[in-house]
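Participant: Given next are the chains, with one letter for each unit.
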Amino acid sequence: MANPTIRILRAGDTTKANPFTICIVANPALEAPWQTGQFIIDPITADAAAFDACADYINQSLFAGLPNQQETALADPAIAPFVKVVSIFESALPPADANALVAQDSESDLLIARRTVFRPFLAARNLDADVAYAVSKSNTHTRASAWFTSDDDTQGGVPFTLDGQTLAHRYQCLIPGTIAIHSSATSLTALHEFHHAISSYTNGSIVDLYVDSSLGLNCKTGRPIPPDFAVYNGVTMASDPVRDHLGYPPSWQSYHCELHDPNLPAIMDNYWLAAPAADSNACQNDRITRQFVSDRVRAKLSR
Amino acid sequence: MEPLRPETRRAILNANPRAGPQIEEYERLLAERFTTDPDAPAPHPQDARVLPHKTREQRLRELYHQLFDGLEAR
Chain A
0 MANPTIRILR
10 AGDTTKANPF
20 TICIVANPAL
30 EAPWQTGQFI
40 IDPITADAAA
50 FDACADYINQ
60 SLFAGLPNQQ
70 ETALADPAIA
80 PFVKVVSIFE
90 SALPPADANA
100 LVAQDSESDL
110 LIARRTVFRP
120 FLAARNLDAD
130 VAYAVSKSNT
140 HTRASAWFTS
150 DDDTQGGVPF
160 TLDGQTLAHR
170 YQCLIPGTIA
180 IHSSATSLTA
190 LHEFHHAISS
200 YTNGSIVDLY
210 VDSSLGLNCK
220 TGRPIPPDFA
230 VYNGVTMASD
240 PVRDHLGYPP
250 SWQSYHCELH
260 DPNLPAIMDN
270 YWLAAPAADS
280 NACQNDRITR
290 QFVSDRVRAK
300 LSR
Chain B
0 MEPLRPETRR
10 AILNANPRAG
20 PQIEEYERLL
30 AERFTTDPDA
40 PAPHPQDARV
50 LPHKTREQRL
60 RELYHQLFDG
70 LEAR
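Chain order of the listed sequences is A and B.
Throughout the first sequence, residue numbering follows numbering that gives the first Met the number 0, covering 0 to 302 in sequence.
Throughout the second sequence, residue numbering follows numbering that gives the first Met the number 0, covering 0 to 73 in sequence.
Everything labelled a hint here was simulated from the structure, so no lab data went into it.
Just so you know, these numbers come straight off a predicted model, no measurement behind them.
A virtual CB, placed ideally from N, CA and C, is assigned to each residue, including glycine.
Be a bit skeptical, because a hint or two may be false.
What the hints assert, rightly or not - Using C-beta positions, here's what the derived DEER-type ranges look like:
(1) B/Pro16 - A/Gln164: 37 to 47 Å
(2) A/Ala10 - B/Pro20: 41 to 51 Å
(3) B/Asp38 - A/Gln59: 42 to 52 Å
Bound conformation, chain B alone:
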């Protein structure tokens, strides 16, 4: 996954200077999506820190709205 561009990060932080930890969590969860084979016949053994798919997508949705709603420069 392409890293978040510095200008996007700056735009989020300009809108909400305390959003740093949320950006970190959002980016980690997005990257995590790609680490499990979505087409594998059986679940691959995972790192204990990896969230279940449904929980992760729900949290991503929340974070996306918190970070990007109303943000002009994406």
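So that you can see chain A by itself, here it is in the shape it has in the complex:
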């Protein structure tokens, strides 16, 4: 192993052996294309400055540090000081399966996290993560994507109710939430993907709202749209009957939760369509997403 450069962007809760941790890794190798077993060196390994700039951007985006950013849930003084954020840059690793955290999709320009590779990669550097970003400087693929967390449902957590069902904000994961992002990413992309990644396949998934999505914590289906979206921990949250200024296309069956700012798209919706475009940074979450993410991070902080 070459000598990795590890930067502590946020110290987090130094009193804990296993604090809530977000890792940002310069992706050593790309699988190109995805699921072919062919690997190439990721150009990010030759551009430490671009990686550091992207890691700083991700850190800012998570904690309300972007210009005009209005979503401040993670900047809460009860959360932000306790979150550890670490970046890892390491060059000269061979283009091999164990070093490829990101793949290039053959049917799009999506970067795709190779989610099962992250934990062993980090463990070899004495690190673990609840959510991990891999930053690529692919020459052809620039669009970010994320996988939800695979929770460890055999271990504890903080229970909550969703529409009468009891679920849990789990303390531990089997596979962390993983994100593949390009070094040129801007605006709310890093935060949008974080919301996917911190959510769970078994305890509430946060899905994209800019397509007619399948069911998720933040998305339901059916027409007509009912006035109430969900009951989360005993609190009834309303539906968004109009999807801010974007509107639900007539063919859609999905609908969303009420917005904190009904004049702008939700962060999980198409924030590029905020009007004026310069205000993409100002988009906020819908009500259930903000509460869920805040509660889930707090649960992990309390472990």
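Following the hints, put chain B in place on chain A, whose structure we already have.
Facilitator: For chain B alone, kept in the frame of chain A given last:
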């Protein structure tokens, strides 16, 4: 998944003004990929509207070629 950038959408529609429904289907299927745990030991119960993996990937391939082949600005 990062939303499709407006300039990419415009480029596709400039090349094919009637591609709107195809873009919609393509984006929905791409987003759907990430909603099922690919490493779960048993299939997770799914929304009835979610396509089986193989069917979805086949359709994505078709749509990708229809929308992006010959497109200069991606």
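Participant: Hint by hint, say whether it matches the structure.
Facilitator: Hint-by-hint comparison with the structure:
1. Under the hint 37 to 47 Å, the C-beta atoms of B/Pro16 and A/Gln164, about 45 Å apart, fit the expected range.
2. For the hinted restraint 41 to 51 Å between A/Ala10 and B/Pro20, the CB-CB distance of approximately 50 Å keeps it satisfied.
3. Evaluation of the 42 to 52 Å hint for B/Asp38 and A/Gln59 yields a failure: the beta carbon distance comes to about 31 Å.
Comparing the model with each numbered hint stated earlier shows that hint 3 is the single one that does not hold.
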